[in-house]
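S.K.: Next come the chains, spelled out residue by residue.
4 protein chains.
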Amino acid sequence: MKPLNIGMVGYGFMGRTHSNGYAQANHFFPCEYKPVLKAVCARNKEKAQAFADNWGYESVETDWREMLKRDDIDAIDVCTPNNLHKEISIAAAEAGKMVLCEKPLALNQADGEEMCQAVEKAGVKNMVWYNYRRVPAVTLAKQLIDEGRLGRIFHYRANFLQDWTINADVPQGGAATWRLDAEAAGSGVTGDLLAHCIDTALWLNGSIKDVSAVTETFVKERMHSETGKKEPVKIDDACSFFCHFDNGSLGLFESTRYARGHKALYTFEINGENASIRWDLHDLHRLEYFDHSDDSIVRGWRSVHISDGEQPYMKNWWVPGLNIGYEHTFIHQVADFLKSLETGEQMHPSFRDALETQKVCDAVLDSAAQRAWKDV
Amino acid sequence: MKPLNIGMVGYGFMGRTHSNGYAQANHFFPCEYKPVLKAVCARNKEKAQAFADNWGYESVETDWREMLKRDDIDAIDVCTPNNLHKEISIAAAEAGKMVLCEKPLALNQADGEEMCQAVEKAGVKNMVWYNYRRVPAVTLAKQLIDEGRLGRIFHYRANFLQDWTINADVPQGGAATWRLDAEAAGSGVTGDLLAHCIDTALWLNGSIKDVSAVTETFVKERMHSETGKKEPVKIDDACSFFCHFDNGSLGLFESTRYARGHKALYTFEINGENASIRWDLHDLHRLEYFDHSDDSIVRGWRSVHISDGEQPYMKNWWVPGLNIGYEHTFIHQVADFLKSLETGEQMHPSFRDALETQKVCDAVLDSAAQRAWKDV
Amino acid sequence: MKPLNIGMVGYGFMGRTHSNGYAQANHFFPCEYKPVLKAVCARNKEKAQAFADNWGYESVETDWREMLKRDDIDAIDVCTPNNLHKEISIAAAEAGKMVLCEKPLALNQADGEEMCQAVEKAGVKNMVWYNYRRVPAVTLAKQLIDEGRLGRIFHYRANFLQDWTINADVPQGGAATWRLDAEAAGSGVTGDLLAHCIDTALWLNGSIKDVSAVTETFVKERMHSETGKKEPVKIDDACSFFCHFDNGSLGLFESTRYARGHKALYTFEINGENASIRWDLHDLHRLEYFDHSDDSIVRGWRSVHISDGEQPYMKNWWVPGLNIGYEHTFIHQVADFLKSLETGEQMHPSFRDALETQKVCDAVLDSAAQRAWKDV
Amino acid sequence: MKPLNIGMVGYGFMGRTHSNGYAQANHFFPCEYKPVLKAVCARNKEKAQAFADNWGYESVETDWREMLKRDDIDAIDVCTPNNLHKEISIAAAEAGKMVLCEKPLALNQADGEEMCQAVEKAGVKNMVWYNYRRVPAVTLAKQLIDEGRLGRIFHYRANFLQDWTINADVPQGGAATWRLDAEAAGSGVTGDLLAHCIDTALWLNGSIKDVSAVTETFVKERMHSETGKKEPVKIDDACSFFCHFDNGSLGLFESTRYARGHKALYTFEINGENASIRWDLHDLHRLEYFDHSDDSIVRGWRSVHISDGEQPYMKNWWVPGLNIGYEHTFIHQVADFLKSLETGEQMHPSFRDALETQKVCDAVLDSAAQRAWKDV
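Chains as they are written, first to last, in UniProt numbering: chain A, 1 to 376; chain B, 1 to 376; chain C, 1 to 376; chain D, 1 to 376.
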């Protein structure tokens, strides 16, 4: 068993999902490599230590630059707010570390491009945690598309609907609500939620040519956790866009945090000439599939329960009928990364892959600002 | 166009569904015969007249015996409470009229047998209004089974769940609640609801050999609308039974009026070696279908929306995607009856067919009373 | 009972739905007025006669101008392809007839404005058959919104997805496929399908300020039924748009005939501060409702089966749990129109109401052509 | 942190679920105690070693009696086929070890009674792995019932449907298919599947008075993995029963391995006077809830997505909208057991609790054999 020594920066929600991925991957996916949790880094030493104790990190750092100097660390996992991704990732690459960066890659395309160049110049392994590619149902969708079952694609539609910011008393800024602060987050739902939808779409349906978008900020001012005062809200609360894909299909995307009744409703649907697919994060263990070649009197949407050994990742889990959940996407991503170290194959999505999503996000925000179509 | 002159006895809920069937059948199903609404009969002349005016009955009678004497009437439609089915049907047969009787056929098997002998001796056309055979999804289920798609059948389960009698203040007896009065209804859910489930089951899955049942009466006394006093409730509020079918499959049936949240949830599911089917009255325009021969990675229950021209009855209605509802089952039954007059074929379910359901109901009630298995 | 003498122009799919509405309305909804089917008009006399025989029209005309001259006709029902709506409606108004026109009102806003002026000048009763307002679940949605249950509205989204034109061998033009011929239809999915979505949206959520749209024509050439030759397809196969409503909410609309697996999936969802609603034509007897004021541990989307007497229109139908279907929307519209004659209240949607939808359709098509936002 | 030293007997499917529970409990649920994986025991040393390496067991034993002698082990986890539960559990209790036994407790009531007496006499902590009590949705159901939200209960129905033994070529006996061998398993679906349904029912709805059952063995002979010959199948392939609960409600239970289309469809539904609940293992993160006190026009079954911090166990997992799965039931059971060590409270279900399920199973099998009602 070869160790993969991990140094993590940040210990928030994503710190937990990644740590769990490191802890569990080898229990279910036999790999030559095995993550070793060497250090977690955060400014608050006490909280970092509690996190380290819980997950078994061997040490704690309070300055990520110090962590980069350590020889006993192979890979840096960047779990910070978005505005720190660039600096840490580039420094990590320059220090010769593998870089595993949370999504979105960067605050904008220019920053992302620098980050790509840094990891490519350094020749270090890199990936971005767009975890939804590794929901078994989503991976199966990719397989069905690659097998040509859908035929010519006409439509791709996706949305990501939440409702947690409807209350105007939710503040912006700070540990729990930095996603509402434009400085820390870069954008609102576009970078947080649509980025997931776009990453999946690019993977399943290919490149996007141009976009036309609209954004809205429903609550114009919120208390800022740091200033303690009401400040203008500069992120997008909602964003919709349509687009043309290179393959000739039309895309339609929507995201909001003001859709009462939806906690995290990420759905997509793809309509092809011969078959259609849809999926929904709230019931992530099912893939809906419509096959036009079925005998017409019994043709209908099939609700496929993804728990059989023949379906992606599932032979490593339990038995047919028994579900896995959200956290498993990160376990799969760790397992696939470990496997890529073994085989030497390029892990996806790489920084370069994630930059494509960044380009679309930038075009979307530009389009909304200028009320005009924008090429990607 | 040949007239089929109808004389109806009763004008309650079923009087409306049948009248609508007569009014609509020829609008959608081209037939040589066409119902003509000659007379409706009820003791209350004023109410009968209002009903006649609404539906276009040409005349009103207050004594069904008088109606049987009329030469201008071809068929007697028996829409009365259950305890009058026998007397009217036999007299109608003896008067040479066709007899179209509401379900259940009779209060018990012995009465039903007399009724069968009467219509057979008289050689008159006859049928019983087990309308659910003619939900397009149910008719399609019959077709799929007859085509052999399911293979060997292992399980048949059905239930009919309602919640309208939970309130102990609902009275028994009288026009609206005669179904709670054992004298008028014969039995409770067994004759009212399970009879539907049994009729469908016999049609789809063949004969039943033996049964074991349990019944319950949750509310022991209710005000009687006629006496104005609390009287013991003698009907079954709930009834469950299992059974062996002749084809070796196991049956499981349940009915109740105490299933909070279900208005009229009639469902059945059939599990065969190769395929399974399920259906639900609350969404009657869908048939759920599972085909084990589907490619395993995309195998799942299909939700088949029954609205295409290739599906039973549907080419006579609207266009794909647009639903029909409950009342259409009666329209289909009228249309099929009219067609049977044209072709001379036996209409189903005949009195004789319906007697089979009566036998099972009797065995179920006997089994529950004696806490023992009973042969049918 | 007062007669309302009907003269219908056209006898296609909508001719059937309207005729059924006239035949059935009084069976279920007690009204002072009752439709009398005086005449149906079509160029093909034989087919018109067959239609008249089936539905009980007393006479047949082959020139609608002749029909307008008849004194025994009170109301003209315009069921022709879209390009004839204007001429017939204006002439009918000038002849002093009530005008009941199929949707969309006109080929464009200018024509629609002329039609409005004609009926208003003549002072004749008028309505447009946007039938989906009278699905009981949709009417209930209107009631819930008017009661203020949703609070401030953030999002309105709707789509209308079909798949019947994917096959490139479907022709354009002619009786069955005039909807693919720009000359007869005016537009493609915008006027055919989105017009329904827009009418409902304006009714439920108020006026639309501006729109940004995209259209696509996937199959560029189709055989024309009249010329027998391949001709360019000039209609929109798919159309999406977003918009701002006057109430500050964002709208998102999509329609296509290339969504494999959907026959007629008209859905809408409205997200308010306090509650959300969604509805789906494929299961039109259900309304999904989410109420944020529910106790949080048991809060969820409710699937409300619309069949109780307290829900709109349903006390006139069957009993709880038993569904009605598509055709009933037209029966309700006829019944409401008859009632409006009695009360003198304005029937909705009037020509003027429908003109608002036409304005949005025009803005949508302009926006798509010019790749720019358009005010309505 | 106090260690809880675990010695596990067996390493099959349940060995994996338990090991994962031990590995994960403290990552998510802060506890004073923490499991330490001291030893795994199995006859095949090589396989046991591989299992130990994967999960981090410190040592391997090949004779469970040796393991009982070790002072460094606090608790014995019995994961063997059913026919070994008794001997190992009693010996473990006599050795002063806590005993954590897989379900069903025993082959029959008499054995179970001996086991209860052994742990009670020894005064050792004990529990049985009826894991479905700790699906958050099921735990929430318990809470809702205990709060009195359902009122008087009328009906409890449950089923557990699978389809994996339809193929007559599936053998009996051996590591993968011992559940088809009566000697190893005791019974078929009754002990394997119905036992789960009964445990949940007793927990949620109280004691069962009497039962009436039917069983069926559809495939009469199967190859035996040990003899290599076709042998009669002595287990029940399917079993249904009804029962009376002490609270006056009727129960209806069904289980089979011949329900084509269902992998592991464990469902239950409870109908109370005021509210109803239903749940389904295939979508285990949802609880369906119907509350009759809802305003009637918007009353319907709520689909409650169990992922909020206020719902049982969920504040320790991710964020609203993100699912956990099957394996988490074991993590919860471990966490609750660790907590019970801290608080001294009795862990449920204890051996004594599980004996109640055993009594019902015995009565069910007796009833089926004798075709008669049996008291529990």
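Some clues are possibly wrong.
Treat identical chains as interchangeable: a pair holds within one or across any two.
List time: in silico DMTMM-like cross-link candidates among lysine to aspartate or glutamate, alpha-carbon distance up to 20 Å [unchecked claim]: (1) 2 <-> 310; (2) 315 <-> 32; (3) 359 <-> 246; (4) 2 <-> 71; (5) 230 <-> 342; (6) 34 <-> 58; (7) 34 <-> 146; (8) 47 <-> 114; (9) 263 <-> 63; (10) 34 <-> 273.
It is worth saying that the hints were derived from the structure and are not from the lab.
S.K.: Hints first: check each against the structure and report whether it holds.
M.R.: A quick look at each hint next to the structure:
no., hint, in the structure
1, 2 <-> 310, "neither (29 Å within a copy, 42 Å between copies)"
2, 315 <-> 32, "within (19 Å within a copy, 35 Å between copies)"
3, 359 <-> 246, "within (15 Å within a copy, 32 Å between copies)"
4, 2 <-> 71, "within (16 Å within a copy, 34 Å between copies)"
5, 230 <-> 342, "neither (52 Å within a copy, 46 Å between copies)"
6, 34 <-> 58, "both (15 Å within a copy, 18 Å between copies)"
7, 34 <-> 146, "neither (31 Å within a copy, 46 Å between copies)"
8, 47 <-> 114, "neither (32 Å within a copy, 50 Å between copies)"
9, 263 <-> 63, "neither (35 Å within a copy, 51 Å between copies)"
10, 34 <-> 273, "neither (44 Å within a copy, 45 Å between copies)"
Checked against the numbered hints given earlier, the structure breaks hints 1, 5, 7, 8, 9, 10 and satisfies all the rest.
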